[in-house]
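K.L.:
Working from the sequences, and respecting the hints, build out all of it.
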Amino acid sequence: MNNIVKYIIRFILFIALQVFVLNNIPPLHQFIVPYLYFLYILWLPFNINRFFLLIIGFVLGITLDYFSGTPGLHAAPCVLIAFIRPFLLNLLIPQETTEQSYVEPSIKSMGWAPYSLYVFLLTFTHHFYLVLIEWLQFGNILFFLGKVAATTLISLLLIFVSEMLFFRKAKFRTNA
Amino acid sequence: MKNIFLFIQNYFTFLCFLALQIFCIVMLSRNSLTHEAFFASTANEVTGKINKQFDNFYSYFRLKEINRQLTAENVMLRNELQSNFIVPDSSKKIVIDSLNRDSFNRYRKFNYLPARVVGSTVTLQTNFLTLERGSLQGVKKGMSVVSPEGIVGVVTEVSDNYCRVMSLLHRNSKVSAMLKNDLNAGSIEWDGINPYYLTLKNISKGAQVKKGDTIVTSNYSANYPPKIMIGTVADFAVDPTSNFYTLKVKTATNFFNLQYVYIIENARYAEQTMLENKKQKANE
Numbered sequence: 267m268n269n270i271v272k273y274i275i276r277f278i279l280f281i282a283l284q285v286f287v288l289n290n291i292p293p294l295h296q297f298i299v300p301y302l303y304f305l306y307i308l309w310l311p312f313n314i315n316r317f318f319l320l321i322i323g324f325v326l327g328i329t330l331d332y333f334s335g336t337p338g339l340h341a342a343p344c345v346l347i348a349f350i351r352p353f354l355l356n357l358l359i360p361q362e363t364t365e366q367s368y369v370e371p372s373i374k375s376m377g378w379a380p381y382s383l384y385v386f387l388l389t390f391t392h393h394f395y396l397v398l399i400e401w402l403q404f405g406n407i408l409f410f411l412g413k414v415a416a417t418t419l420i421s422l423l424l425i426f427v428s429e430m431l432f433f434r435k436a437k438f439r440t441n442a
Numbered sequence: 054m055k056n057i058f059l060f061i062q063n064y065f066t067f068l069c070f071l072a073l074q075i076f077c078i079v080m081l082s083r084n085s086l087t088h089e090a091f092f093a094s095t096a097n098e099v100t101g102k103i104n105k106q107f108d109n110f111y112s113y114f115r116l117k118e119i120n121r122q123l124t125a126e127n128v129m130l131r132n133e134l135q136s137n138f139i140v141p142d143s144s145k146k147i148v149i150d151s152l153n154r155d156s157f158n159r160y161r162k163f164n165y166l167p168a169r170v171v172g173s174t175v176t177l178q179t180n181f182l183t184l185e186r187g188s189l190q191g192v193k194k195g196m197s198v199v200s201p202e203g204i205v206g207v208v209t210e211v212s213d214n215y216c217r218v219m220s221l222l223h224r225n226s227k228v229s230a231m232l233k234n235d236l237n238a239g240s241i242e243w244d245g246i247n248p249y250y251l252t253l254k255n256i257s258k259g260a261q262v263k264k265g266d267t268i269v270t271s272n273y274s275a276n277y278p279p280k281i282m283i284g285t286v287a288d289f290a291v292d293p294t295s296n297f298y299t300l301k302v303k304t305a306t307n308f309f310n311l312q313y314v315y316i317i318e319n320a321r322y323a324e325q326t327m328l329e330n331k332k333q334k335a336n337e
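Top to bottom, those sequences are chains A and B.
Under the numbering used here, residue 442 is the last one in the first sequence; the count climbs by one each step, no gaps.
Under the numbering used here, residue 337 is the last one in the second sequence; the count climbs by one each step, no gaps.
No lab work stands behind these hints, which were simulated from the structure alone.
Taking lysine to any residue pairs in the SDA-like style, the calculated list, with each CA pair at most 20 Å apart, reads:
no., chain 1, residue 1, chain 2, residue 2
1, B, K102, B, L189
2, B, K301, A, P293
3, B, K102, A, F286
4, B, K162, B, K194
5, A, K374, A, V427
6, B, K105, A, I278
7, B, K303, A, Q296
8, B, K102, A, I275
These numbers were taken from a predicted model, which means no experiment stands behind them.
P.N.:
Encoded structure:
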């Protein structure tokens with residue numbers, strides 16, 4: 267129960283941060299859009315049902331979409347990374363060790379290298395798909411490549427900063 | 054039959070994934086009416102209310118700029134007051150009031166409705182504003198929106214108490230504009246690069262363009278009243294392969310601190326667009 271409340275509050279905070287702070291930052295360049303909201307999907311617990319993960323991804327994306335007036339634009343990439351996430355985690359986590367007993371992905375529960383890879387791949391996938399959809403509507407190849415690279419870098423930076431700022435207690439799953 | 058169930062069971066998440074993806078893409082293609090019918094109005098209401106709460110708090114930080122804009126506009130309006138002009142005694146007094154028509158058989162074509170901006174973005178490729186005024190307060194789709202400084206955009210979605218405006222800073226926005234001093238018309242678009250600059254295309258090379266020239270809305274637009282400020286020419290390029298100039302236009306409106314805007318109702322909008330669309334059909 268406590269956990270569900272925690273995740274709902276986190277959801278609201280991520281959306282509020284994206285809509286009211288990050289979307290209002292004065293633009294530095296066309297390619298640089300700071301996205302952080304999808305970190306919510308990355309921080310969901312290991313043992314979440316795949317179907318619910320998809321639904322949560324969709325709801326997160328569509329909520330942001332209604333604030334920015336583009337229904338479907340952010341929802342589609344969120345569903346995609348929610349779909350890929352379990353496969354990626356299975357690949358990256360050593361199955362035989364005790365590390366599976368942590369609740370959610372973090373530096374401590376997965377180790378520096380696997381966690382960074384996990385964050386990088388999902389961030390890249392998210393931005394690649396997001397910009398691809400934008401690119402199909404308008405724009406040229408340079409816009410596509412530049413924006414994917416720039417937004418991915420900015421997002422990784424933001425994720426790094428938020429990992430440093432908000433130290434999450436790496437909780438063990440209470441199984442006993 | 055059993056195999057079908059097994060298939061669905063095995064690939065349940067994948068099928069859900071596909072279904073959600075297709076749903077997203079369908080919503081994204083604006084042509085579909087599903088999005089509008091099921092979601093737009095209620096979702097607009099909810100996000101509008103949340104935006105308003107945030108704006109209540111945020112608006113204090115922009116009071117200074119709003120005051121400056123209002124004073125500038127007041128000065129402009131005061132300069133146009135009747136009392137500033139000396140009229141010979143023999144002249145008739147002309148008063149245009151808000152009645153539908155006056156004794157000179159003039160009709161009111163444009164009507165200004167004030168509205169408060171409760172949400173806006175400038176950093177995306179598709180930027181929208183949310184205004185606190187909806188269909189219950191007389192807003193309809195296609196109405197144009199101007200700020201005290203210049204034009205802002207066109208209403209694209211309306212719910213009961215809120216409406217959503219496609220700003221000039223939207224990759225699909227297109228406004229008919231002209232040079233103020235020699236009335237050459239072209240269309241204003243945004244290339245998505247810099248929210249301070251727009252692009253004016255299709256100005257013929259016969260036009261005399263200088264840096265700093267004023268760009269205003271043209272007479273051809275169904276949404277906008279003619280001769281409303283859009284911006285000034287910042288730079289222009291001569292493309293030897295075409296017969297047109299491409300101008301870089303500095304926006305008059307500052308999209309970063311919009312607080313109060315006017316929604317402009319064109320009483321003959323429906324009539325004009327109906328006629329224009331009819332002509333298009335006959336051409337096909």
